[in-house]
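**Q** Work out the full structure, taking the sequences as your base and the hints as a guide.
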Amino acid sequence: MDKKPRNWTSQYGENNIGNRLFLFILSVFGLKPAYFVLFFAGIQYALLDKKSKKAIKEFRTRLGLKTSFLDYYRHFYSFGMSL
Numbered sequence: 708m709d710k711k712p713r714n715w716t717s718q719y720g721e722n723n724i725g726n727r728l729f730l731f732i733l734s735v736f737g738l739k740p741a742y743f744v745l746f747f748a749g750i751q752y753a754l755l756d757k758k759s760k761k762a763i764k765e766f767r768t769r770l771g772l773k774t775s776f777l778d779y780y781r782h783f784y785s786f787g788m789s790l
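Under the working numbering, the first residue of the sequence shown is numbered 708, with each subsequent residue one higher.
It is worth saying that the hints were derived from the structure and are not from the lab.
Do not rely on the hints blindly, as some may be mistaken.
[To be verified] List time: in silico DSS-like cross-link candidates among lysine-lysine, alpha-carbon distance up to 30 angstroms:
id, residue 1, residue 2
1, K761, K773
2, K773, K760
3, K739, K757
4, K773, K757
5, K739, K760
6, K758, K773
Remember, it's a predicted structure, so these values are computed and weren't measured experimentally.
**A** This is the structure in structure tokens:
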């Protein structure tokens, strides 16, 4: 494969407000309410973030895996939990 690796740095910079909101909810209300909000954020990204979904699908295809909506959702939810 001759594809150049993608540069992933600062791709989520435009979502800084969302990250700050999530951290605010986490610090003020705790873990359960923050994960409740993250549930809906994961659905939103799984439905609307075409660029990230394309990268996820390419990666899973290289691994020989099929990709469903639930796979996209799990990826975004897990990513949000790691923040």
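**Q** Work down the list of hints and note, for each, if the structure agrees.
**A** Structure-based check of each hint:
1. About 13 angstroms separates the Cα atoms of K761 and K773, which keeps this hinted pair within 30 angstroms; it holds.
2. A threshold of 30 angstroms between alpha carbons decides the hint, and for K773 with K760 the separation of about 13 angstroms falls inside it, so the pair holds.
3. Between K739 and K757 the alpha-carbon distance is near 28 angstroms, which keeps this suggested pair within the 30 angstroms criterion.
4. A hinted pair counts as satisfied when its Cα atoms are at most 30 angstroms apart, and K773 with K757 qualifies at roughly 17 angstroms.
5. For the hint pairing K739 with K760, the CA-to-CA distance comes to about 26 angstroms; that is within 30 angstroms, so the pair holds.
6. The hinted pair formed by K758 and K773 meets the criterion: a straight-line CA distance of about 18 angstroms does not exceed 30 angstroms.
In this structure, every one of the numbered hints holds.
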